[in-house]
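S.K.: Place chain B on chain A using the hints.
Protein chains: 2
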Amino acid sequence: MNKGLVFIVSGPSGSGKDTILAKLFAKCPEIKFSISSITRGMRENEKEGEKYNFISRGKFEQMIKDDELLEYNEYVGNYYGTPKKPVISATEKGDDIIIEVDVNGAHSIRNKLTDAVSIFIMPPSFAELKNRLSGRGTETAEIIEKRLSSALDEIKRATEYDYVVVNDDLDIAVDDIIKIIKSNHLKLKSQKHIIDEVLEKC
Amino acid sequence: MNKGLVFIVSGPSGSGKDTILAKLFAKCPEIKFSISSITRGMRENEKEGEKYNFISRGKFEQMIKDDELLEYNEYVGNYYGTPKKPVISATEKGDDIIIEVDVNGAHSIRNKLTDAVSIFIMPPSFAELKNRLSGRGTETAEIIEKRLSSALDEIKRATEYDYVVVNDDLDIAVDDIIKIIKSNHLKLKSQKHIIDEVLEKC
Numbered sequence: 000m001n002k003g004l005v006f007i008v009s010g011p012s013g014s015g016k017d018t019i020l021a022k023l024f025a026k027c028p029e030i031k032f033s034i035s036s037i038t039r040g041m042r043e044n045e046k047e048g049e050k051y052n053f054i055s056r057g058k059f060e061q062m063i064k065d066d067e068l069l070e071y072n073e074y075v076g077n078y079y080g081t082p083k084k085p086v087i088s089a090t091e092k093g094d095d096i097i098i099e100v101d102v103n104g105a106h107s108i109r110n111k112l113t114d115a116v117s118i119f120i121m122p123p124s125f126a127e128l129k130n131r132l133s134g135r136g137t138e139t140a141e142i143i144e145k146r147l148s149s150a151l152d153e154i155k156r157a158t159e160y161d162y163v164v165v166n167d168d169l170d171i172a173v174d175d176i177i178k179i180i181k182s183n184h185l186k187l188k189s190q191k192h193i194i195d196e197v198l199e200k201c
Numbered sequence: 000m001n002k003g004l005v006f007i008v009s010g011p012s013g014s015g016k017d018t019i020l021a022k023l024f025a026k027c028p029e030i031k032f033s034i035s036s037i038t039r040g041m042r043e044n045e046k047e048g049e050k051y052n053f054i055s056r057g058k059f060e061q062m063i064k065d066d067e068l069l070e071y072n073e074y075v076g077n078y079y080g081t082p083k084k085p086v087i088s089a090t091e092k093g094d095d096i097i098i099e100v101d102v103n104g105a106h107s108i109r110n111k112l113t114d115a116v117s118i119f120i121m122p123p124s125f126a127e128l129k130n131r132l133s134g135r136g137t138e139t140a141e142i143i144e145k146r147l148s149s150a151l152d153e154i155k156r157a158t159e160y161d162y163v164v165v166n167d168d169l170d171i172a173v174d175d176i177i178k179i180i181k182s183n184h185l186k187l188k189s190q191k192h193i194i195d196e197v198l199e200k201c
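Those protein sequence lines, which keep their order, are chains A and B.
Residue numbers in the first sequence follow numbering that gives the first Met the number 0, run continuously in steps of one, and reach 201 at the last position.
Residue numbers in the second sequence follow numbering that gives the first Met the number 0, run continuously in steps of one, and reach 201 at the last position.
So here's chain A without its partners, still in its complex pose (with noise of 0.2 Å):
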């Protein structure tokens, strides 16, 4: 059987990374989505196992000891990680994965797990970035001066990804995603077996 792969997916707010996905899970139901770990309490709209596994501030800090974590973070006094267990299972088990996550924890994950293919989510101009993070014209220029400032620092580090797709239109980018995961089962590290059943048996 074939393996399933990891893909780390990154990209700045304004990017429509969430709105991407949501609709790439609906298109791949096969695809997993790796469920982080974290310590904050859980919010009106969310639910235990959906996108989070809301643990024990302890539990965390033990996950850190025994490495069992891929990447974490401590943001305003919470910890934030992506647990290994489930990642590498769903692999083994033959299912792709994918990884939403920041650039330092894309970073992370590529140092653990170097097979791991990582895609960033581009807006498509500096005008479309600044359009959509101004939102409904209710926020103050502050807000928006530093939510732009903080993806241009992601953006700046979209070159240590293996594919960039840019999301001008929704559908094209879910399906430049869908593309990239394909053809990465078309490379000769997925395809190998067939190689090597064809050669056996003659």
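Calculated from the structure, these hints are not laboratory results.
Do not take every clue at face value.
When chains are identical, the list treats them as one kind, so a pair holds in a single copy or across two.
Using 20 Å as the maximum straight-line C-alpha spacing, the simulated SDA-like pairs for lysine to any residue come out as follows [to be verified]:
| # | residue 1 | residue 2 |
| --- | --- | --- |
| 1 | K22 | D170 |
| 2 | K200 | R131 |
| 3 | K84 | D65 |
| 4 | K188 | R156 |
| 5 | K200 | F125 |
| 6 | K145 | E29 |
| 7 | K22 | E159 |
| 8 | K26 | I194 |
M.R.: Then chain B, alone, in the frame of chain A:
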């Protein structure tokens, strides 16, 4: 403008490579095909400039001297080769170009064009390869054995390629190649200008 990419396509007799490529060019007429230069005489069903440019031995030897070939080979007294100029000029115009070539030719081209993406087309199994090479049962066992052995020698070198496409279902194989072509345009190298554009405007 995005530069075009070079795709090297190989596959043994029985892989169905020619049928796949014919269907691919019918489906994607924007993709260019590298026309080989050869010194043998034109056959009845052939046309100058279609699959081959028929040139003199003297001219071919001059091309070798001038390093105008990406690869070449001498077979039963005739030269066969891939001229460099049309390939480079296609990619500079933004066109993708496919070079259909054997495993030795692919090896030479990879050394000269390190960015070229190589695809090996495989039969789905040994049994099916044998079946396809047996043809309509009009060949002697000796000829079939020779074809099979030469196909297996090529398959042994499939591990030199970036991608392996299995031709079990013709339409799937054609789509696989299209996915490989499109996804390579999403690689960082081809998308770098978009990152630069967004950051330049900020």
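S.K.: None of the hints should be skipped; say for each whether it holds.
M.R.: Evaluation of the provided hints:
1. K22 / D170: within (8 Å within a copy, 26 Å between copies)
2. K200 / R131: Answer is between; shortest inter-copy Cα gap is 16 Å, intra-copy 57 Å.
3. K84 / D65: Cα proximity of K84 and D65: one copy only (12 Å, versus 57 Å across).
4. K188 / R156: between (27 Å within a copy, 14 Å between copies)
5. K200 / F125: Answer is between; shortest inter-copy Cα gap is 6 Å, intra-copy 56 Å.
6. K145 / E29: neither (37 Å within a copy, 44 Å between copies)
7. K22 / E159: neither (25 Å within a copy, 36 Å between copies)
8. K26 / I194: neither (31 Å within a copy, 28 Å between copies)
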